[in-house]
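Letter by letter, the chains look like this.
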Amino acid sequence: MTAHVLLGLLAGGPRHGYELKRSYDEHLPRARPLAFAQVYTTLARLVRDGLVTPAGQDQAGGPERTSYAITEEGLAGLRAWLTAVEPPAPHISGTLLAKVVVALFAADSATARDYLVAQRAAHTGRLRELTAIKADPATSLSDVIALDYAITHLDADLRWLRTTLERVAAHTREGSG
Amino acid sequence: MTIPLLEARGLVRSYGATPALRGVSLAVAEGEIVAVTGPSGCGKSTLLHCLAGILRPDAGEVTYRGRRIDTLSEADRSRLRRSELGVLFQFGQLVAELPAVENVALPLLLAGVSRRRARTAGLSWLERLGVADVADALPGEMSGGQRQRVALARALVTEPRLLFADEPTGALDTIAGEQVLSHLVRLAGEQGTTVVLVTHDPRVAGYAHREIALRDGQLDPTGLGLAVVGAPAAWAGPAAAAVETAAVAETDAAR
Ligand SMILES: Nc1ncnc2c1ncn2[C@@H]1O[C@H](COP(=O)(O)OP(=O)(O)O)[C@@H](O)[C@H]1O
Ligand SMILES: [Mg+2]
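Chains A and B, in that order, are what the protein sequence lines are.
Numbering-wise (the working numbering), the first sequence opens with residue -19 and increments by one.
Numbering-wise (the working numbering), the second sequence opens with residue 8 and increments by one.
If you are wondering where the hints come from, they were derived from the structure by calculation, not from laboratory data.
Each hint should be verified, as a subset may be incorrect.
Label pairs and their computed distance ranges (CB to CB) [to be verified]:
hint	chain 1	residue 1	chain 2	residue 2	range
1	B	I61	A	R106	41 to 51 Å
2	B	F98	A	G105	24 to 34 Å
3	B	S131	A	F85	50 to 60 Å
4	B	I61	A	S120	33 to 43 Å
Note that the coordinates shown come from a computational prediction; the quantities given were computed from them, not determined experimentally.
We put the CB at the ideal spot given by N, CA and C, even for glycine.
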């Protein structure tokens, strides 16, 4: 994925490695920040595969002095990546799902309750924290986009949690539990 | 300890045989933004109406700045609402025949402010809410988001100490709703306005400092309708008991 993001950034014109790192962190501000070393290893791989080419050097040379440009193959690769849709939720898994299931069906009632309450509190707390950053007019568009992604997922988790408890309740009331 | 700005003790309210509130107590400190959350029909609007002095509880009391308000006469409650409280509903309820600026100026006119000063204040509030461009438009000519921001301007124009909002973005799409909420939160912060915000949407509750969850007319300290160890009194209701047996006793059976 990092490789394709770098290709995406290079599609706008040649850049130095440090510019790429800065631009990456700017566009994906809430992702894990990209390490310099990873920028250079990824660029080296892209050059090897012919997707990127060194495009000029300032004085002394060395990778941090080199600017890189995307090649025709690189553009084709980027297009192919954007053409392929991500498989929508191919496997239904996740630690949250697993933990809630185990809490509901395998833990003692006090443990289950404490876990569910603490998990909900952690989710709502995080949601509040991210919403406060998002509501700040100084927050950049890239930031808001990333925050929206996180907030929407937290919201989905919270709704799912509530629905799950209601579903289990209904199931038990109907006496088929 | 400082007294809370708003406090409710043991609020009970029914509509005929339907209980809507079954003993709700809470306190809101000055400057807080509190979200009242819970599923549809759990009593959020009834609670808000009781707190705002719009509805009289069957039992329990509401104090505002240390003074009982649930026992005030209708006239005194209206006076209090006009001078200290602001209210914003899901559908802003603007006067359809009046342009935006006059809608916003209306509460000031009712309070005896001169026409010119009320209009100036109205315009400046429209500006603060980013809707100065629709000042002369009628509500029917505005988008839902613009209407709701005008309604918020009208709720804030008297600079209330306490603002009540009931699903203020319930009828808006995501981005228009966010604009209303971020304006609301920012202006409340600037003015030191205390806010009680009713919503069933976790994302809207995310704008508040704190959440008070309701369930079947009672406080739900878990936010999930679960019984809480050490707090059995809050869980005397049959519905709560059903959820308890459900979510938790099912677990026991499975062991
Ligand atoms: N005017 C009314 N007449 C009869 N029942 C009502 C009235 N208003 C609300 N209720 C009932 O009271 C309960 C709580 O309603 P409400 O306070 O509107 O909940 P919420 O705002 O959380 O959806 C619900 O069972 C609802 O049907
Ligand atoms: Mg309601």
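Structure-based check of each hint:
Taking 41 to 51 Å as the suggested C-beta distance range, the pair I61 of chain B and R106 of chain A does not conform, at roughly 34 Å. Taken as a hint, the range 24 to 34 Å holds for the pair F98 of chain B and G105 of chain A, whose Cβ atoms sit roughly 31 Å apart. S131 of chain B and F85 of chain A have their C-beta atoms about 59 Å apart, which keeps the hinted 50 to 60 Å range intact. Separated by about 41 Å at the C-beta atoms, I61 of chain B and S120 of chain A satisfy the suggested range of 33 to 43 Å.
Taken one by one, the earlier hints fail for this structure only at number 1.
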